[in-house]
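Since the structure of chain A is provided, determine the placement of chain B on it from the hints.
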Amino acid sequence: MRKEIIALILAGGQGSRLGILTKLTAKPAVMYGGKYRIIDFSLSNCINSGIDTVGVLTQYRPLQLTHHIGIGKPWDLDRLNGGVTILSPFTKQLKGEWYSGTADAVYQNMHYIEEQNPKYVIILSGDHVYKMNYSMMLDFHKKNNADVTISAIQVPIEEAHRYGVILATDEGKIYGFEEKPKEPKSNLVSMGVYIFNLNVLKESLIEDHHDNNSGHDFGKNVIPKLLKTGKRLWAYTFSGYWRDVGTIQSYYESNMDLVTRVPEFNLFDPNWRIYTPNPVKPAHYIGPKGYVIRSIVAEGCMIYGTVINSVIFPGVTIEENACVENCIIMSNSTVKQGSYLNCTIIGEKTVIGTGVKTGIGEYAENIFNSKIYNSKITVIGSDAVIPDNVTIGCNVVIDNQIMPGDFPFTYIPSGYALLKGDGGHV
Amino acid sequence: MYSMMGIILTGGKNNRLKELSAGRSISAVPFGGKYRAIDFALSNMINSGIRNVGIPTQYNFHSLIDHLGSGKEWDLDRKNDGLFILPPCLSEYGTGWYRGNADAMYSNLTFLNRSNEEFVLINQGYAIYNMNYTDMLKHHVDKDADITIACRHMTDFPKEYLCALGIVETDTDMRITDMQEKPLNPKSDFASMGVYIIKRKLLISLLEESAAHGYYEFVRDIIIKKVNELRLYAYEFKGYWRPLCNIQLYYMANMELLNPEIRYELFEKNGKIFTKVKDEPPAKYNDEAVVKNSIVADGCIIEGHVENSILFRGVKIKRGAVIKDSIIMQDSVVCENALLDCCILDKSVIITAGKQLKGDKNWPLIVGKNVVV
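Sequence order for the protein chains is A and B. Using UniProt numbering, the letters of the first sequence correspond one by one to residues 1 to 426. Using UniProt numbering, the letters of the second sequence correspond one by one to residues 1 to 373.
The hints are simulated quantities; they were obtained by calculation from the structure and are not laboratory data. A couple of the hints might just be wrong.
Said to hold, decoys possible - Label pairs and their computed distance ranges (CB to CB):
{"hint": "1", "chain 1": "B", "residue 1": "Gly-271", "chain 2": "A", "residue 2": "Thr-91", "range": "36 to 46 Å"}
{"hint": "2", "chain 1": "B", "residue 1": "Val-372", "chain 2": "A", "residue 2": "Asp-170", "range": "46 to 56 Å"}
{"hint": "3", "chain 1": "A", "residue 1": "Asn-374", "chain 2": "B", "residue 2": "Glu-268", "range": "39 to 49 Å"}
{"hint": "4", "chain 1": "B", "residue 1": "Gly-49", "chain 2": "A", "residue 2": "Gly-96", "range": "35 to 45 Å"}
{"hint": "5", "chain 1": "A", "residue 1": "Gly-96", "chain 2": "B", "residue 2": "Arg-114", "range": "47 to 57 Å"}
For every residue, glycine included, the Cβ atom is placed at its ideal position computed from N, Cα and C.
Chain A extracted, bound-state conformation (with noise of 0.2 Å):
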């Protein structure tokens, strides 16, 4: 039987604004919420969707996002008939080249959405989170009897620049169409999900392939295009609880959004559940002098001391009079005794040693990349190993993997950067 729908994942990019917690892996794979991958939201509605067709693709450092996906068990995506593909880069008889953008990555893929032969393809970014229904939008979609719909969702006008500016009639048809532009003539903007009918995405994309002006992107180039040809366009407002987190700022609110009392994003949905691959631990253990409040802690921690405002993954350990607060801790890191953390991000199996106080001071430009580091937010990497009593600001940086041997002092001040050797690789 024919398929209806099918759904393409962007996975490639590298969120170059998540700064070290993207520089070992895909932003679709940096893990969010106490115990997700941002991708499992994009897989998740798929699959709560009705659509049981996926082809992710992927580019950029995919290693931990392929493993992460493995044949798709976790959300029910392991099928005879469909089911979840990786679609990586490959080389082809005469030359071999890398997806130069977001279209050019759908285009290189059409042997795959042809071999599936669906009535409509979805198209969708891996690094969002959301929960949708796409079954409804492909409803409209229908209805309307669209060419491409778009779906979208109104933002503060002043943050509208960021994004692609979409100007649509009340009922949604829409007739206008900018991408990033300086002065937003509306607050509707695109999400960066498309339903296509397979017949305009082929020709479009072919069309694109061709052009060689195009920046091969889809918000740039194709839907512009689409437009200017006459085609019918039409934006499907979505109201839920949408965010990009694309850089450290934005992804370290929407994770504190999880810790409010009742959350505008709701992850205890029984309808709409998030998928991922179960870590095999037992239930977390809180000790007899343990504090949690206004925090949300997975499977197989073990919390001895204080943790307040925090979203704590798997495997985390809070030793005994050590105190979180306002942090993200990512699966099996070590806090050890006496330490005191403060708005705080810390990646995979780091060690925090006894003694550690972060966040401490006040803010200042960070010395290495003053773009992506610019709130008061430290961030550090995934299996770094921070050495006893050392003391360390705001916005200042610690890179995967540094070992105590690295630590020049024992006072990191606010806006340090502490790289590894090849530091500019960011």
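For chain B alone, coordinates are given in the frame of chain A:
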């Protein structure tokens, strides 16, 4: 390298765990925040390299089958071997319900016959322990035993419950000279764990012989009767082991998980314990939460006071509620200002606002599944 298959016995009808085992086989009783009792027996087999596992099911096995599924959580959804759930059925050999655990195995002789492993490991689905059976198999081969029984000195076990176990006597070479099942006056604290290693071919012939005589119990009718005839050896296991023989032991074993050493031994030291996943989000602690010395599973939302307790997945503790020394199973809700002391709530129980329930550490109060108090 010897090959070994596994059989997990899940027990017949009994009310030793009161309401908790009324609607489910004891092997399917929830334990430790996210597990069911059988997860331990099954994970031990996986961690010991056993890949062919048969599970005869008897009493009310719906929840057991639901839990085990195709065995995928234990990596037993294999093309060759894997998991075989063996419910009773009418057949050439079987007469419907299993009349005992030997009968359960005898009724599935086809499974035993067409397997090709040299040895069979038989264990019980209702014991909490983490044991790698490789060393026991080596002991079995070294002693040239017919049957090896894992035994343990129950020094850390309440004396009054010894009579619920099988007590074993051995000579200095560990050869079993006598065994008493559930003796009124136990002669020692050296108890059988109900874990046996036996050659598959020998097991088949013993089962056939016993069935021919109309006997159905593996221990009573085969092992004890053959103490002198067969080479029975004991293998001493020194780790943590708790059979869920009664409510007191069930309560005690759950509470012992609050001890970090026992937790480490059960869940990390010798291998992981696998269970069916539920895809709940991480537990959420709100502003009013006070949680001390407790185990909390995914999907909980806590706004109350919890001390020395085990909370299973999806439990909600509302504001002002106080939970002490209690076990609260999946999806139960404790409403505002309720008080629970030494209670065991089965799944999906609702304790309405302001209610107070008190049990005793030696006699915890049990609230059955789906009850609204």
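Here is how each hint holds up against the structure:
1. B:Gly-271 to A:Thr-91: 36 to 46 Å: Because 42 Å falls inside the window, the suggested range holds.
2. B:Val-372 to A:Asp-170: 46 to 56 Å: Because 48 Å falls inside the window, the suggested range holds.
3. A:Asn-374 to B:Glu-268: 39 to 49 Å: holds, 41 Å
4. B:Gly-49 to A:Gly-96: 35 to 45 Å: holds, 43 Å
5. A:Gly-96 to B:Arg-114: 47 to 57 Å: The hint (47 to 57 Å, Cβ to Cβ) holds, given that Gly-96 of chain A and Arg-114 of chain B are roughly 50 Å apart.
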